Amino acid sequence: MNAISKTSLDLTRIRADFPILAEKIRGKDLVFLDSAASAQKPRVVIDAMVHAMEHQYANIHRGLHWMSERTTEAYEETRDSVARLMNAPDRRNIVFTRNSTEAFNLVALSYGRSVLQPGQAVVISEMEHHANIVPWQMLRDATGIELRIAPITDAGEIDMLAYEAMLADGRVGLVSITHMSNVLGTYTPAQRIIEIAHRNGAKVMLDGSQSIVHRRIDVQALDVDFFAWTGHKLYGPTGIGVLYAKAELLERMPPVMGGGDMISTVTYQNSTWAEVPHKFEAGTPAIIEGIGLNAAIKYVESIGYDAIAAHEAALTDHALARLSVIDGLTIMGRPQDRGGVVSFTLEGAHAHDVATLLDRQGIAVRAGHHCAQPLMQRLGVDSTARASFGIYTTLAEIDVLADTLDHVRTFFK
Amino acid sequence: MMFEDLRDLYQDVILDRGRTPRHGRRLDVFDADAKGDNPMCGDRVQVFVRHDGASVAAVGFEARGCAISIASADMMADAVIGHTDAEITAMAAGFAGMARSGESHVPALQALRPLAGVHEYPSRIKCATLPWVALAAALAGTDAHKGVASSE
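Protein chains in written order, with the working numbering: chain Y, -11 to 401; chain C, 14 to 165.
Derived from the structure by calculation, the hints contain no laboratory data. Wrong hints could be hidden among the right ones.
As the list claims (entries may be wrong) - Output of the computed footprint for chain Y on chain C, the stretches with three or more beta carbons under 8 Å from beta carbons of chain Y: (1) 15 to 21; (2) 125 to 135; (3) 139 to 147.
Said to hold, decoys possible - Partial pick of chain C residues on the chain Y-facing surface, computed with a CB cut under 10 Å: (4) V26; (5) L28; (6) G31; (7) R35; (8) H36; (9) G37; (10) M53; (11) I83.
Note that the coordinates shown come from a computational prediction; the quantities given were computed from them, not determined experimentally. Glycine residues also receive a C-beta, built at the ideal position from the N, C-alpha and C atoms.
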């Protein structure tokens, strides 16, 4: 197909790696444009998880038998892969969580309650996912820290002047901001955000749930303090996420959950904690999922971020070009640096109705507030439809979306 | 044409009422009101009720939502005027059943049959039932805000 060959990836081969893409929806080809919510899984991830359960599975970090040792090795190899993927200085910088949400809660509950002091402030932005809002509100209500909201411009970018001014009083202890908006697709200027924060004595946490799917992350080059992401958006399984943090921070932070796997010694008088990162990983973890995530990381590495980022850019350009000429369609935001997420409204048709009609043609998009209600309010809309792209998305699929949206508009006229 | 098979969900009356509802306004005078909120999708409705004696004389609503939720609110207003609170509470239960199963034998709900198509779209059932949840809350004197989730 001509449209397929126009991007940097061998999409025929890549699409063959994802069994679900062969599914039909009511007799029509599945056009899956909801990867920002959760991505589909390549065969290698599915096989790795099945293989573990069929051939190499036991609980980890505790058994002395062959199965436990091999499973521990397989699970812990994922930590090495994650460290390599993000260019972390050491595998001990990598804490496994269930998802990004848990990573934010971990930092809020541990760093937020031990290092941050009442009177200090946390800065988030106006375009955060609820996962990067609610944990800080809970921290504010529990400890009396202040929560400051960095505004965005009408284009959907962080207002950097306002952001810098917000840190000027030196009371900001932590900045926690998205690296790529799940609604607007905006890539935030992480380097500048971090430089400004560090100059003003604040640490920075980035929400990389969307960005790591499309762009190479180098936590050392960024000099970022905390970086959260989740496996299921990076073509891996659900139930496993990642918190990267600088070593000195993890050392200072107390554990949040107690139990097995996170201790060194336990008596009825007291317990001592395991070394970093295990002190943050209480209980039997998501073993199978961790093994699946390793396969996902290797799959992404085998394609390479240069090709992935170029593909994302080609898809995004094409989507903006095709959708922007549809009568009555409004694209949310116009950031300079934008990734493979396009939210839009269609005049005369509510986003849910749009999604239902698209679904009838086999096209999966998300509709609603995208777990970002304050941003919806800022944009002056109740809900939007959102098309988001993955490595398997084709230009032809975006054409199907655009052509179908023309019909949706006619239907509600 | 494309979407012809969606006509069971989007019947003409639903498209018409969704576009230009007859009761889509705040009543100047009302004696009961409640908000309904579907936090999963962002749909919101506020229902206003005026009684004349024991029965409902007027219903108005302000809503932000999809064609189905607006049409459902508007058709609900038509259906409940002239009925007592007890009758309306029974109608609300009957409507919720119809939205889930597609079946209804309640004579008072016959005009609402075009909305029964939602039963084949699990994610859209709440769109149709939200106004009824708000109305029931208004009549009960409670706010539907917290009660919506339990209607699922």
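Against the structure, the hints:
Coverage of the stretch 15 to 21 of chain C by chain Y holds [criterion: at least 3 residues with CB-CB distance below 8 Å; count 4]. Beta-carbon proximity to chain Y at under 8 Å applies to 1 residues in the stretch 125 to 135 of chain C; the threshold of 3 is not reached and the given coverage is violated. Counting residues of the stretch 139 to 147 of chain C whose CB lies closer than 8 Å to any CB of chain Y gives 1, so the stated coverage by that chain is violated, three being the minimum. At about 14 Å, the closest approach between the beta carbon of V26 of chain C and any beta carbon in chain Y exceeds 10 Å, and the interface hint on this residue is violated.
This hint holds: L28 of chain C has a C-beta 7 Å from the nearest C-beta of chain Y, less than the 10 Å allowed. A hinted interface residue such as G31 of chain C counts as satisfied when its beta carbon comes closer than 10 Å to some beta carbon of chain Y; here the least separation is about 8 Å, so the hint holds. Annotation: R35 of chain C was flagged as interfacial toward chain Y, and the flag is violated, the nearest CB pair being 18 Å apart, outside 10 Å. Proximity of H36 of chain C to chain Y is violated relative to the hint, the smallest CB-CB distance being about 18 Å (cut-off 10 Å).
Look at G37 of chain C: its Cβ only gets to about 14 Å from chain Y, farther than 10 Å, so that hint breaks. Interface hint status for M53 of chain C: upheld, as the beta-carbon distance to the closest one in chain Y is roughly 7 Å, under 10 Å. A least Cβ separation of about 8 Å between I83 of chain C and chain Y falls short of the 10 Å threshold, and the interface hint therefore holds.
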